[in-house]
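Residue numbers (our numbering), protein chains in the order written: chain A, 1 to 313; chain B, 1 to 313; chain C, 1 to 313; chain D, 1 to 313.
Treat the hints with caution; some may be incorrect.
Said to hold, decoys possible - FRET-style restraints, in silico, Cβ to Cβ:
id : chain 1 : residue 1 : chain 2 : residue 2 : range
1  : A       : R8        : C       : A161      : 45 to 51 angstroms
2  : B       : K2        : D       : R236      : 56 to 62 angstroms
3  : A       : G120      : B       : G130      : 39 to 45 angstroms
4  : B       : E182      : C       : A284      : 32 to 38 angstroms
5  : B       : E57       : A       : T111      : 34 to 40 angstroms
6  : D       : A131      : B       : P256      : 39 to 45 angstroms
7  : C       : Q235      : A       : G187      : 56 to 62 angstroms
8  : C       : Q235      : B       : P256      : 50 to 56 angstroms
9  : B       : V188      : D       : A131      : 57 to 63 angstroms
10 : D       : A301      : B       : P256      : 53 to 59 angstroms
11 : D       : R181      : C       : N110      : 32 to 38 angstroms
12 : D       : R236      : B       : P256      : 53 to 59 angstroms
Said to hold, decoys possible - Which chain B residues stay away from chain D? Per the calculated CB distances, all over 12 angstroms, these:
id : residue
13 : E63
14 : G210
15 : E237
16 : R242
17 : Q308
No lab work stands behind these hints: they were computed from the structure. For glycine and all other residues, C-beta sits at the position ideal for the given N, C-alpha and C.
Number of protein chains: 4
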Amino acid sequence: MKLTPDARGVFPIAPTPFFDDGAIDFASIDRLADFYAACGSAGVTVLGQLGEAAKLEHSESVEVATRMIRRMAGRPVVVGVSAPGFAAMRALTQEVMDAGAAGVMIAPPNTLRTDDQIVGYYRQAAEAIGADVPFVIQDYPLTFSVQMTPGVIRRIVTELASCAMLKHEDWPGLEKIAQLREWEREGVMRHISILCGNGGLFLDYEMERGADGANTGYCFPDMLCDVVRLSAAGQREAAHDRFDAHLPLLRYEQQPGVGLAVRKHVLMRRGLLASSAQRKPAAAISKTALAEVEHLLGRLAKHDARAQLPARR
Amino acid sequence: MKLTPDARGVFPIAPTPFFDDGAIDFASIDRLADFYAACGSAGVTVLGQLGEAAKLEHSESVEVATRMIRRMAGRPVVVGVSAPGFAAMRALTQEVMDAGAAGVMIAPPNTLRTDDQIVGYYRQAAEAIGADVPFVIQDYPLTFSVQMTPGVIRRIVTELASCAMLKHEDWPGLEKIAQLREWEREGVMRHISILCGNGGLFLDYEMERGADGANTGYCFPDMLCDVVRLSAAGQREAAHDRFDAHLPLLRYEQQPGVGLAVRKHVLMRRGLLASSAQRKPAAAISKTALAEVEHLLGRLAKHDARAQLPARR
Amino acid sequence: MKLTPDARGVFPIAPTPFFDDGAIDFASIDRLADFYAACGSAGVTVLGQLGEAAKLEHSESVEVATRMIRRMAGRPVVVGVSAPGFAAMRALTQEVMDAGAAGVMIAPPNTLRTDDQIVGYYRQAAEAIGADVPFVIQDYPLTFSVQMTPGVIRRIVTELASCAMLKHEDWPGLEKIAQLREWEREGVMRHISILCGNGGLFLDYEMERGADGANTGYCFPDMLCDVVRLSAAGQREAAHDRFDAHLPLLRYEQQPGVGLAVRKHVLMRRGLLASSAQRKPAAAISKTALAEVEHLLGRLAKHDARAQLPARR
Amino acid sequence: MKLTPDARGVFPIAPTPFFDDGAIDFASIDRLADFYAACGSAGVTVLGQLGEAAKLEHSESVEVATRMIRRMAGRPVVVGVSAPGFAAMRALTQEVMDAGAAGVMIAPPNTLRTDDQIVGYYRQAAEAIGADVPFVIQDYPLTFSVQMTPGVIRRIVTELASCAMLKHEDWPGLEKIAQLREWEREGVMRHISILCGNGGLFLDYEMERGADGANTGYCFPDMLCDVVRLSAAGQREAAHDRFDAHLPLLRYEQQPGVGLAVRKHVLMRRGLLASSAQRKPAAAISKTALAEVEHLLGRLAKHDARAQLPARR
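Kindly generate the complete structure, drawing on both the sequences and the hints.
In structure tokens, the structure reads:
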């Protein structure tokens, strides 16, 4: 089952679970998969920016992806294959597609500047992985320093039939979504799926602007599912109420470097990860920061019972 | 009256008010000053990054600063004097200090990379403006691409007696505040004022980490004053409640480029600016975005009566 | 007399002469002007990147430009007016054009990324300075981090009739010149003058690719005039011989930061500047480096008598 | 035999030879090795920035390194192991060290900014590869956007005993070499080998400043050997004469992107590579550029008989 431009809903970005000694914790991958399915995720993305993909050896990457694919049992799994060269990208893509992945996600190298360079890069990448492999454009200027105008995205979508989805995390990005959807309505660009990243910081209004869902790793993917569902059902204020209750924590998780530590910590607190360990290099998290997270969870619990967690060990 | 390292409270970053034709609206400067004073601001900063300083001619910059200084009637006014060269920086500094400014704010040029380059730049800048002029370090890596470690800030503070304040807007930055305050407690760094920027996105926890207040332009500076006051008074949950109610709008205002348009629009809606006009180049704001801002104000008004504004003209 | 798209030959980039105390040395401006004219320069550019423009106050910039305009007595003088905002750019442009400048040079701010941002910036700049003011695009990615494709330059040239010249200093850039000239031949782009910068490092082949001349500050502008003249006259090997003899020194002068010190030192050694002083901040030059420059001059003198200079004071 | 801080001479940066279909051409690796040895190279570096390392799969990288190690028969081979994560870096290091490599070269990721980040990165990298593996710091700000002060290099050298060499390609860099050597003389920094990159553009004076040799890929490594030998022997003018004769071509080869195509073309013309093919993505080289290279070779041949090549096929 391959990723299509009609994909909708939430594709959580899965962290890669490690034990404290750095070994991969496959049982936690299973728990994450079961949890994602249970809360209504449409699919999942592994080995993204926050999946610590660069810290895995090639064979480990394949194992992590394969484990998630099996456990998701038919729900589409997208695999991040961004690499400094096309040889490694092609090799990883072939193995995970053979293992049943639905598609791959490709981030631009941060040396790209001009419109032509960006389009040219995706053209070469699509050729390298094969025209039959659906791919996701990762548009994340804050991290990659690559700025894609709506026009550049349209060029990629128009030229490359295997482009199925935009992982939208431009900032600001509301007008970008609006522009792409307007071009679709005008018939000058074919439809693609637009799922939103950026930790979900603007998900409430992104859904109203035409996004199809979320594709991010916030530690309450169940909230993301709620907001996407409520928004799609036209329950605007309910969607905002749910979103706003989580915004203080979500904002806290958005801190570069620290964010992943917060995310893994909360997922551990929720019983989904056995450990919050990251492989090196990893940003440390201070005791004060952990106390702040507990404080945020305590305040959130007044609005969302899922944040009522057993006391820390 | 000069800025001192003991400054505390809120120094709003004032926008520069323009009429629709681009002329400076001095009456709105007066209104802003009166409003800042009325809601308990300790001082104000003009000609900052979002004060459209680069769009003013030299004489206009002096006029804007002078007007604010007069109307603030004794409360300290800090003036942004960042410039591509020290000649222009020195010239503006001398004129605004003669006019009664309390100090100046200096951002690093985005070409600085190494620790020594950063310290060297502030050394030369402090010499250029004169050792008797208190200055504020603007630490805003997201915009300036210059990363200052706590150690670099300590070097500047230790070497340059005229450094009075840090406008802290690193991201993440909570641990940076904690580190600087720890050094103060250990006696290895003298005390300076730390006021927080970044639109206030982390003000709630920044106050708990040791910040002295806020130095940012969020369109409800009265909320910033509330949070700083409540936090300083030890009313932790009340401070967070007030902050969280504003977070959805505050987060919306944090969008690069669009943010200033939102800020000026809300200040106009609040009756403080005659127009939301910016000088060119300016990011446009769409009708949909304006409707989103109204929606956010409507939701905020349920928690904070100050957001209950008369219907748009 | 205004700059036109038919400009050819050498427009040296003039340094701004200072005395050791930092005061502007107007007599040296006169000497430079006389020297430029005597060696066959077509015009001159002042207040460029290496003219220490950012270290001058506004009134000083006008004075430097005015002095050069008067002394060049009818030869076109282009003035760098790059500024962080359009207000300052407009103000300087009006004053120097009133004083008789032939046109202005505008560098892009280093925040521009996408094609549309670059074209949009020049559109706004051209509007700000007035449609009757000829302007030069400065295309210098190594310093400004802004990458302009040939297509972007064509868009600017086509849209903005007042664009008269490209100061070409992309690296690599030979194919860019070739592409632009091909478009001219195909009739899909109007002709503009292309003068080459980058210290002249590729001037030999740039001329063969279709450049109209040089627009750079190498300390032997007379050599640049020789190469442009010989190349235009079809004396290929003679042009290369002359160029190659200077390449070791020219290469040495190309070092970022240090280069200007070398340039001013050699111009002082040639009797054109009274002092090699720069205003702060300035890269220091070591005794060893000065000895290396003397060594280079000594070796050059075997091929070019103009490098036989009286012993250092 | 492991790399030591006493290494001297020329370590050419070897290109990775490909056939036109993209397959690795191992016979050309052998020819390169024999040639490097014959012209007096002290060692060789493979899988550097211009070795197209990012375009190889892991197993290919090991094969290329192993082939060169065997053929170099005892001369030290350094292997570039820069990678986005430490897992891949460690894996490649272990395999090539097992195969007989003398050490590894590590470039900093282009996200590093502060002094502490740079030192911290090398600390973690050295731990990841193992304290018994000699490593080379690659200091190349123009490509990596990471600026290392002399002080940062001293910190790395002092803290990490396995640091054996600096591949120096800062620009400008003459004073950096001088500073490091001064610290050695003062006894405040231990000696390391400093070999120079940057295509060799400043090799003549770098040797005089205290460099131990060259570590770059210019298409006439035999010239690099000449210059290093003559300079070490105190034949200053002869070294410069030899260098200056090559400077026009060397400068031409220094063009980013185009340079590797020029380099592989000349190595093919010299009979060392079977093909000048690069794996994708590769910068194209135009017919005009190829003709310019032939022109440069023709002019060079008047000074250096090694540039007298049989006519192109």
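Verification of the supplied hints:
In this structure, A/R8 and C/A161 meet the distance hint of 45 to 51 angstroms, their C-beta atoms being roughly 49 angstroms apart. Look at B/K2 against D/R236: about 58 angstroms separates their beta carbons, and that is inside 56 to 62 angstroms. Distance hint for A/G120 and B/G130: a CB-CB separation of about 52 angstroms, inconsistent with the stated range 39 to 45 angstroms. Evaluation of the 32 to 38 angstroms hint for B/E182 and C/A284 yields a pass: the beta carbon distance comes to about 36 angstroms.
Restraint check, B/E57 to A/T111: a C-beta distance of roughly 38 angstroms satisfies the suggested window 34 to 40 angstroms. D/A131 and B/P256 have their C-beta atoms about 44 angstroms apart, which keeps the hinted 39 to 45 angstroms range intact. A C-beta distance of roughly 59 angstroms is found between C/Q235 and A/G187, which places it inside the suggested range of 56 to 62 angstroms. At about 54 angstroms, the CB distance of C/Q235 to B/P256 agrees with the hint of 50 to 56 angstroms.
Separated by about 32 angstroms at the C-beta atoms, B/V188 and D/A131 break the suggested range of 57 to 63 angstroms. A beta carbon spacing of about 56 angstroms between D/A301 and B/P256 agrees with the range 53 to 59 angstroms that was offered as a hint. For D/R181 paired with C/N110, a C-beta distance near 34 angstroms keeps the hint of 32 to 38 angstroms intact. Checking the proposed 53 to 59 angstroms range against D/R236 and B/P256 shows it holds: the Cβ atoms sit about 55 angstroms from each other.
Distance check for B/E63 against chain D: the nearest CB is about 38 angstroms away, which clears 12 angstroms, and the non-interface claim stands. A cut-off of 12 angstroms between C-beta atoms confirms that B/G210 is not in contact with chain D; the least separation is 21 angstroms. Taking the minimum C-beta to C-beta distance to chain D, about 36 angstroms, the non-interface status of B/E237 holds against the 12 angstroms cut. Chain D leaves B/R242 outside its interface by the beta-carbon criterion, the shortest separation being 35 angstroms against a cut-off of 12 angstroms.
B/Q308, annotated as away from the interface, keeps every beta carbon of chain D farther than 12 angstroms; the closest lies near 45 angstroms.
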